[in-house]
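Q: What follows is each chain in one-letter form.
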Amino acid sequence: MPSRITLLLCSALWLLLLGGVSPHAFADTFVFTAIPDEDEARLRQRFDKVAAYLSRELGVESKYIPVKSYAAAVTAFRNDQVQLAWFGGLSGVRARTLVPGAEAIAQGYEDQAFLTYFIAHASTGLKSSQTFPKDLAGKTFTFGSKGSTSGRLMPEFYVRQNFMKAPDDVFTKVGFSGNHAKTIALVQSGAYQVGAVNFKAWENALQSGKIDLAKVSIIWTTPPYPDYQWTIRGDVDKRWKTGFKQRVTDVLLNMKDPDLLASFPRKSFIPAKNADYQPILDVAKQIKLID
Amino acid sequence: MAAVPSNAAPTTPRYSPVVKTSVGFVAAAAVCLAFADISITTLDPWLEMKRMAWGAVTPDFGAVAGLGMVVLRTIAFALCGVALGAVAGFLLSQIFHLGPVRWMCASVRAIHELFWALIFLQMLGLSPLTGVLAIAIPYAGICAKVYAETLEEAQLPALRTLPKGTGILSAFFFARLPDVWVHIKNYTSYRFECGLRSSAVLGFIGLPTLGFHLETAFSEGNYSEAAALMILFYLLIATLRYWMRPKLVGFYVLIAPFLLGSGAAINMSNIVRFLTVDIVPAPLREGGLLAGQTWRNLGDWSGTLLMDQALPGMVATLLLTQIALVVTGVLALALFPLISEKFFGPVVRTLGHVFLVVLRSTPEFILAYVFLQLWGPSMLPAIVALSLHNGAIIGHLVGRFSDEVRLRPDSPRGINLYGFEIVPRVYGQFLAFLFYRWEVIMRETAILGILGIATLGFFVDSALADIRLDRAMFLIAVMVVFNVAVDSLSRYIRGRLHLSTRAGQA
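Protein chains in written order, with this note's numbering: chain A, 1 to 291; chain B, 1 to 506.
Hints are computed from structural coordinates only; laboratory data are not their basis.
Heads up, some of the hints might be wrong.
[Stated by the list, open to error] Only pairs whose alpha carbons sit at most 20 Å apart, straight line, appear in this in silico SDA-like list of lysine to any residue:
no., chain 1, residue 1, chain 2, residue 2
1, A, Lys288, B, Asn297
2, A, Lys173, B, Met314
3, B, Lys247, B, Ile237
4, A, Lys210, B, Met52
5, A, Lys173, B, Val315
6, A, Lys173, B, Leu374
7, B, Lys185, B, Met244
8, A, Lys288, B, Leu298
9, A, Lys285, B, Leu469
10, A, Lys215, B, Trp46
11, A, Lys288, B, Thr304
12, A, Lys215, B, Trp375
13, A, Lys165, B, Pro312
14, A, Lys210, B, Met49
15, A, Lys173, B, Asp308
16, B, Lys20, B, Leu489
17, A, Lys210, B, Trp46
[Claimed, not checked] Ranges between beta-carbon positions, derived for each pair:
no., chain 1, residue 1, chain 2, residue 2, range
18, A, Gln278, B, Gln293, 27 to 33 Å
19, A, Arg42, B, Val280, 37 to 43 Å
20, B, Arg51, A, Lys127, 28 to 34 Å
21, B, Arg51, A, Asp48, 23 to 29 Å
22, B, Asp300, A, Thr172, 28 to 34 Å
23, A, Lys49, B, Val315, 44 to 50 Å
24, A, Lys127, B, Trp103, 56 to 62 Å
25, A, Gln278, B, Asp308, 27 to 33 Å
26, A, Leu206, B, Tyr242, 49 to 55 Å
27, A, Thr172, B, Tyr242, 49 to 55 Å
Note that beta-carbon positions come from the ideal geometry of N, C-alpha and C, so glycine has one too.
Bound-form chain A, shown alone (with noise of 0.2 Å):
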């Protein structure tokens, strides 16, 4: 008996891993995904909307994957198992340090000039100012995500400038909510007396009735930086068929569907280019989240 159940077991498994090497997965479907900024729900419509439109338009089956972390959507995208990514500034420039040939090929209007809006509840008496509102000091801090640009990179780079220390050494309490959604809903419940959200996200949870301003206000503004943008692998036109990789740039910039567009939301969709991103290279490497 043991020994039988044995040789299930082992020719079950060796199956199983035949299986799982063979690469013929997702042969010819264009794989897309993109950070997981805010809900899931929020996002999976949004992005199944966006796959429907480049399956139709490219006459390419495509599909939209979505992964859990910022540094997943990333690691999906260098190991090919995504070819196109919507990545926010910070992680779109770490995948294509991390995949040569890869380029940033539109990015939303609004992300020519992106701006991170820091939060704080009521109860912290802090109010909106044109200048660095240095009394953030001692009060609890939550990021958005580790990988975020906009609840993470530009945030904290404005911490480090203006205290001259580290933001561990600032607050009392540092934390990461996750995603902006969660940041907006921490402050408003006090978890945390201040955070830093992306303005979009907020202004997507301020239009969909999910902020009491009573509770959680804007008090601070950051100067503007690049953003989101669509990234794309080289290797695109080899595996599709050339000019692949300029249709799918061509498709992304005529995205002209006002329920899709206000789904990011965005206005409309302009070229980009890496040299965009070099800002936020610059800073990422400034205070060390690269090296």
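Chain A is already provided as a structure; the job is to place chain B on it using the hints.
A: For chain B alone, coordinates are given in the frame of chain A:
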């Protein structure tokens, strides 16, 4: 009553080593508590708690599309992982007496399934193999140890009756194995239950199991959906013995690989790159191996990592582990009467069983996640989560053990029975279970870092978020050393106190 011997009136009372050890651990936990942050930072935790409670009584089974497939996948990942781990563990148990094998097994089981999954994500991406190996590898290390101990401790009367000249294989299959087969089978089925928990939790980092949807539901506050998923999971575990029949195991394992779903294709070059480039410390990658500067840079690199991340991470891990260990013990002692024949009738015992099953079936990762949402970030959610989960497991084992205690007809009842009869008699076994759980609690403490508590796992997660895989692997290596050290210490203490070592089920 025996007369007090005349020489037994020392001026200072002498306590047994068991009592001294217990007091020592409680004192250590008290000291740790002084350094731990256990504040509740949310201003209004009740609001969210009310919403959760409402969700719990209004489960919404329609919210997750394709729920059946999600459940099947969760089972399939557990089956494949545990089967592979058990077979590998069984083979390893045959050569477990070799030092390097023992060390290798201790090292692989010191890394939690979630970290294995994060490592394999780098090499294989979101492929089914990532989830299967993440379960199989640490389980192989655990099974090898337990199988080897079982084989070693077996009495083996059949073996002694064998005629001289019996072949090794025949001796093994006809004399050694049948004797311990029941133990091995029981332990493996217990491992499968653990495998289901692991499989569910792997969803939190992106594999297509229950955890994937649980993470979404919890983080978006869809508590009715979360409740539906949790209830399904409890049902899955509670009904285990009805569908996990020995005769069907082969069949299940055979079809399980086909239910894992298709994932991303696996590319050899990614695996090679990970092993030969990604995990090589940055200074070695960038400088020539013969240049002195390279090695000085490597020294700085590892020194900084040790001082800034590994050390604070270890301190937090240790604080949390020691507090959680003692609270676990207290909870276990408080909970075990609920299922003990010595204290309650069938109605209370049934309810007690349900209560303990729910507590121990809920993975500590999920418990901690929920408490963090409720109370905000501090060590409190982690302590409560670890203690509830582990306290329920040990409470269950101690409760069963207490049923075997024979009482005199005139034994006391109620609180006196508890304090003067049962607890003293089960205490040794209880400590053995608790010390077995020590290493497990430490491993679980590390993964709670992924949720933001600054244990070693937090720094590993940060390194992975920065795609600095060399740093992540260095910190994981530190974690392995730390865990193996605690494991050895636990074994030493158990040996000193003469506690039974047959507590593998804990």
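Q: Looking at the structure, which of the earlier hints fail to hold?
A: none
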